[in-house]
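Chemist: Chain by chain, the residues:
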Amino acid sequence: MDKLEHYSTEQLIDYLEGRLDDSSSAELSQHLESGCMVCNDATTTYRRMLSAIETLHQKSPSYSAHKKVIQAYSDRYASKPKIRWQPYLRPAFISFTVLVLITFVFLFNLNPSVVYAGYLENVTGQVEMFNPTTGSWDSISTGQSVPVDATIRTLTESKATLKFPGGEQTILGSNSEVDLLRLTQTNGLWEITLELMNGQTENQTAQDTDSFSVRTQTGIAHSDNAHFVMKIFSDGSAETRVLEGQVEVRTQSQSKKIHSGETTIFPSPNSSNLLPDKNEDYFEFVPKPSTEGSETEEMTVTPTGTPKDNFKPTRTPTPRITPISSIPTNSSENSTNSDIDCSPGSSDGAGNSENASNSDKACK
Amino acid sequence: MKISDYTDDELVSHCIAGQQSAWEELIARYEKLIYSTALRTGLAPYEADEVFQNVCMILLKELKQLRKTKSLGAWLVTTTRRECWALWRKDKAKLEELDEKIASDELPEEIALHFEDAKKVLSAFKQLPDPCHKLLWRLYFDEEKSSYAEIARDLNIPPNSIGPTRSRCLEKLKTILISKQF
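Protein chains in written order, with this note's numbering: chain F, 1 to 364; chain H, 1 to 182.
For reference, chain H alone in the conformation it holds in the complex (with noise of 0.2 Å):
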C-alpha cells in the first residue's frame, strides 16, 4: 500500500511512529487547504506563510489527540482561522474584518469536504485513458490556461471536436468517481 493510499488516522499514527514520509505526506495533503484558508481571510502571502507554520506547529504537538478526530480538514480550518485571529488580536479593525469573511465564508467541514473530493477527483484523473487524460489535462488541470485553438493543435484534433470530447471525458470522470462513493 503507498502511503499516499493512507487514510489520515493512518498518516497520524505513522507520524506518532516516527515516520517521517508519513508526515511529508500529511503536510502535502493539507498544506493547500491551510495556506489557502489563511489567504482567504484577507491574509497577505507572508502572513499566510506564517499561519501555516503555526498551525503545522500546533498539528505536530497534537498529534496524538488527533487520532480520533473525525475530519482533520475541517479541525485543520479551525485551527487556522484561530491562529489568523490570534495574528490579529492586536487589531481591532482587522478583527471585525476577519470576523465578517469568516461568518460568510464556507464552514470548516464544507471547506474540508472541497478538499477531500479534490483528492477523489484527482484520483479518479489519473486513471483516465488518453486522449481523456490529455485533454482534461490541459482543460482544467494544467496550471497555463491554453485556448481552445492552441490545445486542439497540440493534440492534434479538431477545434470543433474538443466541446463534444471533453463531456465525454468527464462523463467518463464522472462515472469512476461514482464507483468510487463521490
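Bound-form chain F, shown alone (with noise of 0.2 Å):
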C-alpha cells in the first residue's frame, strides 16, 4: 500500500487482534513502519483501547477479602455511614421536623392535662364531672378519663373509683367531690394532688409515689406510702384516719404524723366552738377506734340532695370514725357519706382487692 493511503479502521483492528492472514499482516506492519502517521496514530489509539477493555476483564480480588477491606475502614473510623440528602427531601425533612416539635409543644406544654390522667372504675349509681364549656355536669361512667383540673362528684347512693397511671387510687364515696390538682411524674415517680370539697375518699397510694396530697378548706393530708381516708363533715371540719402506713397532715400553722389506726381532726375554721387557742394544738387527735360493729351504726352524717350545698349536720363534734369501706350502704336514715358495700359477696367493699383487708377488718 501506498504510504499515502491508508488502512480501514476494520483492517487495522482485524490487525490489532490478529484476524489477518500471515501475508496482510506483514504488508500492513510494514506499512506502519514506513512512517505512516494516520495509520500509525489510529493504531495506537486502538491499541490503547483494546488493552483498557482487557484490563476490565482482569480479576477481582474474592468477596470476603473485599469485605474484610471495607470493615476496616468503619473499624478505623468508626463514622456512621452519612446521609447524603436529595435536595428535594430537605423541605419535607424539615416540615416534618416541625410538625412534631409543634406537637410535642402542644402535648407537653401548651395543653399538660391530657397528657396524664385518671380513669374511673367501679362506677355505680350516678358519677358527674364538671363541664366547664357548659358549665354543667356531665354523667360519666366506667373506663372514662379524667384529666388534671377536672371536677368530679359522686351522688346519693353512688361511689366510683378513680385510677391513676402509677397504679394509686381514690375510692369516691357518696355525695362526694373531688378537683384532680396535679397529676405529674419525675423520674418515674408520681406526684398527686386532690382537692377534696365534699364527702370522704378512701386513697391508697403504690409503689412509684412520690407524694399524694389530699387537700381540704382545712388542711392537707400527704403521704407517700399510706393507705387513708379523708372526710370532710357539714360543718367543715375533716378527717383523716390512716389505715395503713403514715400520713402527714398540715395545716396553715402546724404539721404532725400519724400513724395506722389513728385518726385526727381538722377542725372547721368557721365553727368557733372547735377552733383551737393560739396555743393550743390546731389538731384534735381521736384515738384509735374500736372496731365494734356499733361504731358504724353511730355515725351520724347524712348528707342529703346535692353534696355541695345540702349536708345536714346532725352529727357529734367528734365523731367516731370508721372507714370508708366498711360504712353501710343500705340504710337510707342513717346512711353516711359511703355507700360501698360491705354485704356478703362484696370482696372489699370497695371494688378493690388491695383494700380487702382493711376494709374486711371494718366491715368486722
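Worth flagging that the hints you see were computed from the coordinates, not collected in a lab.
A virtual CB, placed ideally from N, CA and C, is assigned to each residue, including glycine.
Some hints here could point you the wrong way.
[Said to hold, decoys possible] Chain H regions said to be covered by chain F (calculated; three or more residues, Cβ under 8 Å):
id, region
1, 113-127
2, 131-144
[To be verified] Derived SDA-like pairs: lysine to any residue, alpha-carbon spacing no greater than 20 Å straight-line:
id, chain 1, residue 1, chain 2, residue 2
3, H, K120, F, L50
4, H, K61, F, A72
5, H, K61, F, R76
6, H, K61, F, D75
7, H, K32, F, S64
8, H, K119, F, Q58
9, H, K174, F, L50
10, H, K120, F, H57
11, H, K120, F, T44
12, H, K180, F, L56
13, H, K172, F, D41
14, F, K68, H, R29
15, H, K119, H, D5
16, F, K59, H, D117
17, H, K101, F, Q58
18, F, K68, H, I58
19, H, K119, F, T45
20, F, K59, H, K119
21, H, K174, H, D117
22, F, K59, H, P45
Mind docking these for me? Both chains are given alone in their own frames, and the hints should help you get the complex.
Modeler: Next up, the structure:
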C-alpha cells in the first residue's frame, strides 16, 4: 500500500486482534513501519483502547477479602454512614420535624392536662364530671378518663374509683366531690394532688408514688406510702384516718404525722367552738377507734340533696371514725358519706382487692 | 456530582473526612489493579487476596500522606510489589523469581496508566447509543465470549455485517475518547 493511502479501521482492528492472514498482517506492519502517521496514530489509539478493555476483564479479589477491607475502614474511622440528602427531601424533612416539634409542644407544654389523666373504675350510681365549657355536670361512666383540673362528684348512693397511671387510687364515697389538681411524673415517680370539697375519699398510694396529697379547706394530708381516708363533715371540719402506713397532716400553722390506726381532725375554721386557741394544738387527735359493729351505726353524718349545698350536719362534734369501706350502704336514714358495700359477696366493699384486708376488718 | 466522578484526590479527602462511600469507591476503583499486580508476580489467588488486604491496610493508614500523590495507581502497584516481596522474603528462590518478573514487567506508572485508560474507555462506552452499545458489549466487554454467529443471531443482524459495524462503533468510541483527552 502506498504511504499516502491508509488502512481502514476494520483492517487495523483485525490486525490488532490477529484476524488478518500472515501476508496481509506483514504488509500492514510494513506500512506502519514506513511512517504513515495517520495509520500509526489510529493503531496506537485502538491498541490502547483494546488494552484498556482487556484491563477491565482482570480478576477481582475474593468477596471475603473485599468485605474485610471495607470493614477495616469502618473500624478505623468508626463513623456512621452519612445521610446524603436529595435536595427535594430537605424541605420534606424540615416540615416533618417542625410538625413533630409542634405536636410535642402542644401535648406537653400548652395543654399538659391531657397528657396524664386518671380514669374511672367501678362506677355505680350517678357520677358526674363538671364541664367548664357548658357549665354543666355531665354523667361519666367506667373507663372514662379524668384529666388534670377535672372536677368529679358522686351523688347519693353512688360511688366510683379513680385510678391513676402509677397505680394509686381514690375511692369516692357517695355525695363526694373532688378536684384533680395535679398529676405529674418525675423520674418515674408520681405526684398527685386532690382537693376534697365534699364527702369522703379512701386513698391508696402505690409503689412509685412520690407524693399523694388530699387537700381540704382546713388542711392537707400528704403521704408517699399509706392507705388513708379523708372525710369532710357538714360543718367544714375534716378528718384523716390512717388505715395503713403513715400520713403527714398539715394546717397553716402546724404539721404532724399520724400512723396506722390513728385519726386526726381538722376543726372547721367556721366553727368557733372547734377553733383552737393560739397556744393549743390545732389538731384534735382521736384515739384509735374500736372496731365494734355498733360504731358504724353511730355515724350520723347524713348528706342529702346535692353534695355541695345540702349537707345536714347531725353528728356529734367528735365523730367516731369508721373506714370508708365499712360504712353500710343500705341504711337510708342513717346513711353515711359512703355507700360502699360490706354485704356478703362483696370482696372489699370498695371494689379493690388491695383494700380487702382493711375493709374486711372494718366490716367485722 | 456522583462519587464515581470524583478524582483520586477528592476520594482520598472524603475518606479522611470519614465518608464510607468514598472508601468503597476507592477500593472499587483500584482493587483489580492491586489484585492483578499481585497475580502477575506469580502469587496464588489466596496469596494475592492476602496481599490485597495488606496493601489496603497500608492505604488506610497512609491516607493523609497520599493527598498530594501524583499517581495513586502507581503508588499502589509499587506497594503491592513490596508486599509480595515481603510475603516471599524467607524463600530465596521465589524472591529471585519475583525480581525477574518485576524487572520484565511494565513500570508501575504504565500499569497504572492502563487502569486510567480502562476507566476512560468504560465511561465513553456508556455514552454509546445502540446498536453500538449492544454490539461492543458482546464483542469486548461481556465476560462471556460469544462467536460472531451467536452475536448476529442474538442481535438479529447478518453475520457479515458484524465486522463493518464493529469498525464504525469503535470509531465512534475513539471519537468520544479523543474528545476527553484520551
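Chemist: Evaluate each hint against the coordinates.
Modeler: Status of the hints after comparison with the structure:
1. 113-127: As far as the region 113-127 of chain H goes, the hint holds, because 7 residues have Cβ atoms under 8 Å from chain F.
2. 131-144: holds (count 3)
3. K120/H to L50/F: Between K120/H and L50/F the Cα gap is close to 12 Å, so the pair holds against 20 Å.
4. K61/H to A72/F: Answer holds: K61/H to A72/F is near 11 Å, not above 20 Å.
5. K61/H to R76/F: 9 Å, holds
6. K61/H to D75/F: Within the cut-off at roughly 12 Å; holds.
7. K32/H to S64/F: 15 Å, holds
8. K119/H to Q58/F: Distance of about 13 Å is within 20 Å: holds.
9. K174/H to L50/F: Distance ~11 Å between K174/H and L50/F Cα, so the pair holds.
10. K120/H to H57/F: 15 Å, holds
11. K120/H to T44/F: 16 Å, holds
12. K180/H to L56/F: Holds, at about 19 Å.
13. K172/H to D41/F: Judged against 20 Å, a Cα distance of about 16 Å means the pair holds.
14. K68/F to R29/H: This hinted pair holds, its Cα atoms lying about 16 Å apart.
15. K119/H to D5/H: 10 Å, holds
16. K59/F to D117/H: 17 Å, holds
17. K101/H to Q58/F: OK: K101/H and Q58/F at ~18 Å, within 20 Å.
18. K68/F to I58/H: At roughly 14 Å apart (the allowed maximum being 20 Å), I58/H and K68/F satisfy the hint.
19. K119/H to T45/F: At roughly 15 Å apart (the allowed maximum being 20 Å), T45/F and K119/H satisfy the hint.
20. K59/F to K119/H: 15 Å, holds
21. K174/H to D117/H: Within the cut-off at roughly 12 Å; holds.
22. K59/F to P45/H: 10 Å, holds
Every hint, counting from the list given before, is met by this structure.
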